[in-house]
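Each chain, written out:
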Amino acid sequence: MDISTLDNLAVNHGCWLQRCSVLAKALFIFGVLVLLLSSKSLPFVVGVALVLLAMVVSNRLPLSVLLPLVFLPMVFASLFAVSLGNWSVGLVIIGRAGVAALTVVLVFVTTPPIYLLGLISAPMPEVFGELLYFTYRSLFLLWATLDNTLRAVKLRRGKEGFSLRRVRSMAQVYGMILLRAWDLAGRQYQLLRQRGLGAGLRVRRDWGLYGQDLVLLAIIILITLGWYYV
Amino acid sequence: MSHLHLPDGILPWWLWVGGLVITLGLVLFTLSRLRGERSKLPVVAMMAAVSLVAMNIPLGLPVHTNLAALAGIILRPLFGFLAIFVVNLFNALVSHGGLTMLGINTLLVGSEALVAGLVFIALGGARRLLASSAVSVLAALLISTLLVVAVAGMAGASLEALVDSHGHDGDHRGDFHNHGFLEAFAAIIAPLLAVWIPVELVLTLLVVSYVNKVKGGWFARG
Numbered sequence: 003m004d005i006s007t008l009d010n011l012a013v014n015h016g017c018w019l020q021r022c023s024v025l026a027k028a029l030f031i032f033g034v035l036v037l038l039l040s041s042k043s044l045p046f047v048v049g050v051a052l053v054l055l056a057m058v059v060s061n062r063l064p065l066s067v068l069l070p071l072v073f074l075p076m077v078f079a080s081l082f083a084v085s086l087g088n089w090s091v092g093l094v095i096i097g098r099a100g101v102a103a104l105t106v107v108l109v110f111v112t113t114p115p116i117y118l119l120g121l122i123s124a125p126m127p128e129v130f131g132e133l134l135y136f137t138y139r140s141l142f143l144l145w146a147t148l149d150n151t152l153r154a155v156k157l158r159r160g161k162e163g164f165s166l167r168r169v170r171s172m173a174q175v176y177g178m179i180l181l182r183a184w185d186l187a188g189r190q191y192q193l194l195r196q197r198g199l200g201a202g203l204r205v206r207r208d209w210g211l212y213g214q215d216l217v218l219l220a221i222i223i224l225i226t227l228g229w230y231y232v
Numbered sequence: 055m056s057h058l059h060l061p062d063g064i065l066p067w068w069l070w071v072g073g074l075v076i077t078l079g080l081v082l083f084t085l086s087r088l089r090g091e092r093s094k095l096p097v098v099a100m101m102a103a104v105s106l107v108a109m110n111i112p113l114g115l116p117v118h119t120n121l122a123a124l125a126g127i128i129l130r131p132l133f134g135f136l137a138i139f140v141v142n143l144f145n146a147l148v149s150h151g152g153l154t155m156l157g158i159n160t161l162l163v164g165s166e167a168l169v170a171g172l173v174f175i176a177l178g179g180a181r182r183l184l185a186s187s188a189v190s191v192l193a194a195l196l197i198s199t200l201l202v203v204a205v206a207g208m209a210g211a212s213l214e215a216l217v218d219s220h221g222h223d224g225d226h227r228g229d230f231h232n233h234g235f236l237e238a239f240a241a242i243i244a245p246l247l248a249v250w251i252p253v254e255l256v257l258t259l260l261v262v263s264y265v266n267k268v269k270g271g272w273f274a275r276g
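Protein sequence lines, in the order shown, are assigned to chains D and P.
Sequential numbering from 3 applies to the first sequence in my numbering.
Sequential numbering from 55 applies to the second sequence in my numbering.
Bear in mind the hints are in silico, worked out from the structure with no lab data behind them.
Nothing here was measured: the structure is a model prediction, and the numbers come from that model.
Be a bit skeptical, because a hint or two may be false.
Stated by the list, open to error - A few chain P residues that don't get close to chain D, going by computed Cβ distances all over 10 angstroms: (1) 74; (2) 75; (3) 79; (4) 103; (5) 106; (6) 179; (7) 184; (8) 185; (9) 188; (10) 193; (11) 199; (12) 200; (13) 243; (14) 245; (15) 270.
As the list claims (entries may be wrong) - According to the in silico footprint, chain D covers these stretches of chain P (three or more CB under 8 angstroms from chain D): (16) 59-73; (17) 87-99; (18) 155-168; (19) 203-215; (20) 235-241; (21) 258-269.
Where is the CB? At the ideal position from N, CA and C, for every residue including glycine.
All chains should be built: construct the whole structure from the sequences, respecting the hints.
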């Protein structure tokens, strides 16, 4: 998972889904999950997947970025499906996991994180918003450190499979990242306090609904009809 | 068993709603403490970020670690649990674990932070650093694994009921096994566990020993 690619898509990719309001997109996720999880019909699950794929295509979102994210939950769901030993129900379980994942990812890659985190932290105490914001910012700082460190390790040790020596060298990478994080924590905290962290950081929240949201409404009505009739 | 990020649609609603309620209760309680100790905010956030980044460190195996037990040791149980909640929230936003499963996934992974933190304190903390870390991490991994098996058992009961309801439609053609869900599930994850538990344990101890070597007394800083 490359967080910078996802962040770049969420902020800079111009598409109709990005112009929809955050609230409408959150309600869209809620609606799809309710309908999906209350259905046992494979044709319905496949139908919702096709609708979502049409949304991906119409928003010109890169499948090479989205599909690996959707594939992973399907792998985990397949553990349960195989253990169950029933193909028909197993496919419904795998399909539900994949479609739910696609719904969430679709919204994540078309919503600037600052708005998304603002919405998520709205019902929680103020300090939670600060915690999410600080974590998200720290991710990018540590990612750069990790990238450089892993490149250095690769240059020094070459490509290698699993071995105790590799575990040992990776443990040093973990330890180094941890110590670097603690150094950064103090400095970042002081820096962000200057900008209002700890004294009620202003998290931008947008509760408005826009004309574009009608498209999402139409899609959820379509999915509801499918849920009712299929 | 931190690697099993449960996706949406496999657990009965009462289980994931229950998980969400318990997790939110613990998180709200911890946030009220964090409000009083605001200086802890950056380290909780950084630990969450470290955990997210750590998942991308290649070990040459099809498993990754997220240092949940270490989070409990470093931040103490409750703040460690809070960091793991934030990790799971970010993971759920990119579908690494279902959105409805946020509560259950946090309880499963966060149990490692809770157990490791509590055992580490009970054993005297940093005074016998490596021994305390080894016992606390091992206890955390075993309890987390038991919780995963328990949740899988409940999921299995619910999914088998789903199979029965399909079976009432008269369609049994999809059946290809007759044995129980839990036995089959255990047979699949046992080899993964056999690799993951030793790797996570050894890795955590190596990290603890490295950090202690570079910055002596770091774990005793309080």
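- request: Beyond 10 angstroms from every chain D Cβ: check whether that's true for residue 185 of chain P.
  value: holds, 18 angstroms
message: At 10 angstroms, judged by beta carbons, does residue 179 of chain P keep clear of chain D as stated?
response: Check passes; 18 angstroms lies beyond 10 angstroms.
- request: Compute the least Cβ-Cβ separation between residue 79 of chain P and chain D, then decide whether it is above 10 angstroms.
  value: Label holds. Min Cβ-Cβ 13 angstroms, cutoff 10 angstroms.
- prompt: Are three or more residues of the region 235-241 of chain P within 8 angstroms, CB to CB, of chain D?
  reply: holds (count 4)
Within 8 angstroms of chain D (C-beta), three or more residues of the region 155-168 of chain P: Not satisfied, violated; 0 residues make the cut.
Chain D versus residue 74 of chain P - minimum CB to CB distance exceeding 10 angstroms, so not interface: Given a closest Cβ separation of 13 angstroms, the condition holds.
- request: Report holds if the minimum CB distance from residue 199 of chain P to chain D is greater than 10 angstroms, and violated otherwise.
  value: holds, 15 angstroms
field: Verdict on residue 188 of chain P as a residue remote from chain D, using beta-carbon distances over 10 angstroms
entry: holds, 14 angstroms
message: Does residue 245 of chain P clear chain D by more than 10 angstroms, comparing its Cβ with all Cβ atoms of that chain?
response: holds, 12 angstroms
- prompt: Minimum Cβ separation between residue 106 of chain P and chain D greater than 10 angstroms?
  reply: violated, 6 angstroms
message: Over 10 angstroms from every CB of chain D: does residue 103 of chain P meet that, or does the non-interface label fail?
response: Nearest chain D Cβ is 4 angstroms from residue 103 of chain P, so the label is violated.
message: Please verify the coverage claim for the region 59-73 of chain P: does it have three or more residues whose C-beta sits within 8 angstroms of some C-beta in chain D?
response: holds (count 7)
In terms of the numbered hints stated before, the structure departs from hints 4, 5, 13, 18, listed from lowest to highest.
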